[in-house]
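Novice: Residue numbers (the working numbering), protein chains in the order written: chain A, 1 to 321; chain B, 1 to 268; chain C, 1 to 301.
Quick caveat, the hints were computed from the structure, so don't treat them as lab data. The beta-carbon is built from N, C-alpha and C at its ideal position, and this holds for glycine as well. Don't take every hint at face value.
Claimed, not checked - With the C-beta cut set under 8 Å, the calculated list includes, among others, these residues of chain A facing chain B:
id: 1; residue: 22
id: 2; residue: 23
id: 3; residue: 111
id: 4; residue: 294
id: 5; residue: 296
id: 6; residue: 297
Said to hold, decoys possible - What the simulated footprint calls covered on chain A by chain B, stretch by stretch (three residues with Cβ under 8 Å from a Cβ of chain B suffice, anywhere in the stretch; the number is not a length):
id: 7; segment: 47-61
id: 8; segment: 76-86
id: 9; segment: 142-155
id: 10; segment: 178-191
What the hints assert, rightly or not - Lysine-lysine pairs mimicking DSS-like chemistry, simulated, CA-CA at most 25 Å apart:
id: 11; chain 1: B; residue 1: 76; chain 2: B; residue 2: 13
id: 12; chain 1: B; residue 1: 76; chain 2: B; residue 2: 268
id: 13; chain 1: B; residue 1: 76; chain 2: A; residue 2: 142
id: 14; chain 1: A; residue 1: 142; chain 2: B; residue 2: 13
id: 15; chain 1: B; residue 1: 268; chain 2: A; residue 2: 142
Single-letter residue listing:
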Amino acid sequence: MAAIRTEALTKHYRVGFWRPRPYVALEGLTLSVSEGEVFGCLGPNGAGKTTTLKLLMQLIYPTSGSAEILGQPVGDVRMKRRIGYLPENPYFYDYLTAEELLQYFAGLFGYAPAERRRRAAALLDQVGIGAERRMQLRTFSKGMLQRVGIAQALINDPEVVFFDEPMSGLDPLGRREIRQVILQLRERGCTVFFSSHVLSDAEALCSRVAILASGRLAGVGRLTDLVAFQARGWELVVGGLDDAALAHAKMTQLVVRDTPLGDRRYALEVPLSVSPERAIAELTGRGASLVSINPLRETLEDYFVRQVAAAPHERGLGTGT
Amino acid sequence: MRVIGHVAVNVFKESVRDKVLYSLVAFAALLIGVAYLIGQLTAGQDVKIIKDLGLAAIATFGLLIAVFIGIGLVWKEVDRRSIYSLLSKPIRRHEFILGKYAGLSLTLIVNVAIMTLAFYAVLAYMNTQFSEASRSVWPAPATDPGMLRAIGLIVVELLLVTAIALFFSTFSSPLLSAGLTFGLWVIGHFNADLRNFEAVVESKTAAYLARGLYYVLPNFAAFDIKTQVVNALPVAPSYLAATTAYGLVYISFLLVGAVVIFSRRDFK
Amino acid sequence: MSGRPGCPGVALAVMATLMAAVIGLQAVHERGGGPPASDAPEFLYVRSPEAMRRLALSYQSLVADLYWIRAVQHYGGTRLSANPDKRYELLYPLLDLTTTLEPRFNVAYLFGSLFLAESPPGGPGRPDLAIALLDRGLRAQPSKWEFAQAIGFVHYWWRHDYEQAAEWFTRAAKFPNAPFWLTTLAATTLAEGGSRGSSRILWEQFARSAETEALRNEAVRRLQQLDAMDQMDRLRQMVDAYRQRGGALPSGWIDLVRAGYLRALPADPAGTPYVLQDGAVMLGRGSRLFPLPIEPQRLVH
Chain A
1 MAAIRTEALT
11 KHYRVGFWRP
21 RPYVALEGLT
31 LSVSEGEVFG
41 CLGPNGAGKT
51 TTLKLLMQLI
61 YPTSGSAEIL
71 GQPVGDVRMK
81 RRIGYLPENP
91 YFYDYLTAEE
101 LLQYFAGLFG
111 YAPAERRRRA
121 AALLDQVGIG
131 AERRMQLRTF
141 SKGMLQRVGI
151 AQALINDPEV
161 VFFDEPMSGL
171 DPLGRREIRQ
181 VILQLRERGC
191 TVFFSSHVLS
201 DAEALCSRVA
211 ILASGRLAGV
221 GRLTDLVAFQ
231 ARGWELVVGG
241 LDDAALAHAK
251 MTQLVVRDTP
261 LGDRRYALEV
271 PLSVSPERAI
281 AELTGRGASL
291 VSINPLRETL
301 EDYFVRQVAA
311 APHERGLGTG
321 T
Chain B
1 MRVIGHVAVN
11 VFKESVRDKV
21 LYSLVAFAAL
31 LIGVAYLIGQ
41 LTAGQDVKII
51 KDLGLAAIAT
61 FGLLIAVFIG
71 IGLVWKEVDR
81 RSIYSLLSKP
91 IRRHEFILGK
101 YAGLSLTLIV
111 NVAIMTLAFY
121 AVLAYMNTQF
131 SEASRSVWPA
141 PATDPGMLRA
151 IGLIVVELLL
161 VTAIALFFST
171 FSSPLLSAGL
181 TFGLWVIGHF
191 NADLRNFEAV
201 VESKTAAYLA
211 RGLYYVLPNF
221 AAFDIKTQVV
231 NALPVAPSYL
241 AATTAYGLVY
251 ISFLLVGAVV
261 IFSRRDFK
Chain C
1 MSGRPGCPGV
11 ALAVMATLMA
21 AVIGLQAVHE
31 RGGGPPASDA
41 PEFLYVRSPE
51 AMRRLALSYQ
61 SLVADLYWIR
71 AVQHYGGTRL
81 SANPDKRYEL
91 LYPLLDLTTT
101 LEPRFNVAYL
111 FGSLFLAESP
121 PGGPGRPDLA
131 IALLDRGLRA
141 QPSKWEFAQA
151 IGFVHYWWRH
161 DYEQAAEWFT
171 RAAKFPNAPF
181 WLTTLAATTL
191 AEGGSRGSSR
201 ILWEQFARSA
211 ETEALRNEAV
221 RRLQQLDAMD
231 QMDRLRQMVD
241 AYRQRGGALP
251 SGWIDLVRAG
261 YLRALPADPA
271 GTPYVLQDGA
281 VMLGRGSRLF
291 PLPIEPQRLV
301 H
């Protein structure tokens, strides 16, 4: 059974006060996420990631289409007992301490007071702010609030968790810790749906991703299967390459681009039409030594730039493709 | 019900931590104390003046608390997006609204109770300062429990003000909500003038409009029996009951409206 | 079912029911006569116009408007109240505040003086204060002949002091822009002050020069009162004639109709039938013209 399923989910806002025009925040999103999957929802800012998550949490109502989680329509209270949600840039109550906040939320699930305390303490330790549990939240930094936000999303041992930009506001150490949290959830069999605009997060964690651009689904599948991310060539780093050998390699189309790295070292781009073995043989035959070889792939950022450039700028109705 | 209670307790906890509230309660208590000093300035009427001022202070500071916390309750959650994580929990939107209202009502009742205690403490002290003879000319004893009737109606009035503030704050900004709430409160106190409007205007339309508003707008003037209790004039129990019922029905009306609006809202 | 909760027919019905209950309770409250009566009088918090002028900051005109509305409400409310001991205690202080805050509030002077001069129970019966108010208006705007005419009017109508009245009308006539008829009015007042004829001239001029609809209506009402007084004189003559002829008092208008004196039940110019009781002819209590002014006494030279 699908953990999350959306069917032609669409959200239009009306913008402008005097002459309201529809603005397409999300158009016809159809997705299905299986149980136990770690699913990434990727896209640049304004692509519709947060809109999707808010629709799933029923913080906003769809213009058309539908969505269900764990086989229940969104908004179903019994279903909500089984999920967790971290909003983007979370913010809570100024005058509560981290511990009280978690206990308050635990209370909404009907746990007994002792159980509330136990869960709050365990989760705050897990996200690394156990020492600050008695501090009021208004004294917390953005990164600490992010950790509190993750802890509150997990207060009920959810079967499905939704994280909106879980890495934002965190330092590299923090990011690694959150990755650990997500991996632990995956091991436990929990379905994780998260949004991000950072490719490396997705590469390290996701089984599948959906890519959104300008409110529309641009692609869904395993990251490496998406056409956009297949290799477009090879990058060879070589040492001891002399000018004559480099000129020859360029003339015979063995190398399409070279970047001098100093001290006769070069980063060379070999097109997909040339086999890497032949290129290595030719170059080492002229006295160069191989330092490294890597496939060249389009990055998520390149992809976004291309998508955004291709998408219609006016996101009104009827201008879409 | 359990969820509503849980939200309410949290509202109470948060507002107790909010120092604004402390300062309001402290200031009200201070004012009741100052009444003693003012009483010293006027011969003979000391206890009456303290009663007048004390009841006015309870009503006024209660009003400030009701409006300023009431308008922020829902708006703050939406503005700071704390509502995002809250609504992802097993809680329905109407439970959220009713919990917020119950929490603020609890806060108000506790505050009024504290102010009432301070009020009676000052009066009890004043009572010791007078001879038996001078006490005998007072219309009512210093610590007349009959004043609790006025305080009771003040509480109902404050609960109504809170419901109005909460209603407005489900769809408008705090500044606008405060303006609208205060506006209704002021108009509600001139309610009797609306009823008599037809006596002073020629236009039939204006008279009908005024009469319509008289019936529909909250009649806050009805809750004010301060002068009567201070002067120990009779207030019929049926009047207290009818006015309380009026307040409670009006509150229900506003809460249903607030729930309807809030349940349909998008949190962008 | 992930859509927005469908508009809430049930919720709207509940709200309508609750509003109906609110209105019902309000009606119950009204039938109970409002809050239990307290003997606390209406209260004016700031009595010093000078202090209020400072407090009003840059909102003087607006505050003046509010006080003017309060003055009208106070006058109207007291006039309509069932309290037999009507005292318009706040009327002058309110007018004083209004005109101090905005010295060019012409309506407040003219109307205010009418309110103040009106005799009880329709007003406080204070022509002295009416003249004082107009006098202040004249000092604030020395070119307004209307104020001088109004002062003359108060002397004429309420104090029956026709010499003073004529003097003020003469003074008003000398103002620049003053209408020509003021001179005539002054002369008539001196010659036959107190007669209904001169009163009629006075009110006719008043109606002609009135700046507002309400002032004009007031003048028309006064003219109708004068008509009513004429009609009542004629009716009294009929009653006398009936008695002399038949030797008994008529039991009602119907006797006079049967005897051929009248063709129908007589009604005053406002449409309310006259009352005939024990041979005395009176204005109906419910008439808009009630009470009639005290008949001005003829000036004795």
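Novice: Each hint needs a verdict: does it hold in this structure or not?
Specialist: The hints, checked one at a time:
A least Cβ separation of about 14 Å between residue 22 (chain A) and chain B goes past the 8 Å threshold, and the interface hint is therefore violated. The beta carbon of residue 23 (chain A) is not positioned within 8 Å of any beta carbon in chain B (closest approach about 11 Å), and the interface hint is therefore violated. A distance limit of 8 Å between C-beta atoms decides the matter here; for residue 111 (chain A) the minimum to chain B is near 11 Å, and the interface restraint is violated. Evaluation of the residue 294 (chain A) hint against chain B yields a violated restraint, the C-beta minimum of about 41 Å exceeding 8 Å.
Taken as an interface hint, residue 296 (chain A) does not check out: its beta carbon lies about 40 Å from the nearest beta carbon of chain B, beyond 8 Å. Because the smallest distance between the Cβ of residue 297 (chain A) and any Cβ of chain B comes to about 35 Å, over 8 Å, the interface hint for this residue is violated. With 6 residues having a Cβ less than 8 Å from any Cβ of chain B, the segment 47-61 of chain A passes the three-residue criterion, so the hint holds. Given as covered by chain B, the segment 76-86 of chain A passes the check, having 8 residues with a CB less than 8 Å from a CB of that chain where 3 are the minimum.
Only residues whose beta carbon comes within less than 8 Å of a beta carbon in chain B count, and the segment 142-155 of chain A has 3; three or more means the coverage holds. Counting residues of the segment 178-191 of chain A whose beta-carbon sits less than 8 Å from any beta-carbon of chain B gives 0, not enough to reach three: the coverage restraint is violated. Taking the CA atoms of residue 76 (chain B) and residue 13 (chain B), the gap is about 16 Å. The hint holds against a cut of 25 Å. Annotation: proposed proximity of residue 76 (chain B) to residue 268 (chain B) holds, straight-line Cα distance about 14 Å (limit 25 Å).
The hinted pair formed by residue 76 (chain B) and residue 142 (chain A) meets the criterion: a straight-line CA distance of about 18 Å does not exceed 25 Å. For the proposed pair residue 142 (chain A) and residue 13 (chain B), the alpha carbon gap of about 24 Å is at most 25 Å, so the pair holds. Proximity of residue 268 (chain B) to residue 142 (chain A) is assessed by CA-CA distance (about 21 Å); at most 25 Å being required, the pair is judged to hold.
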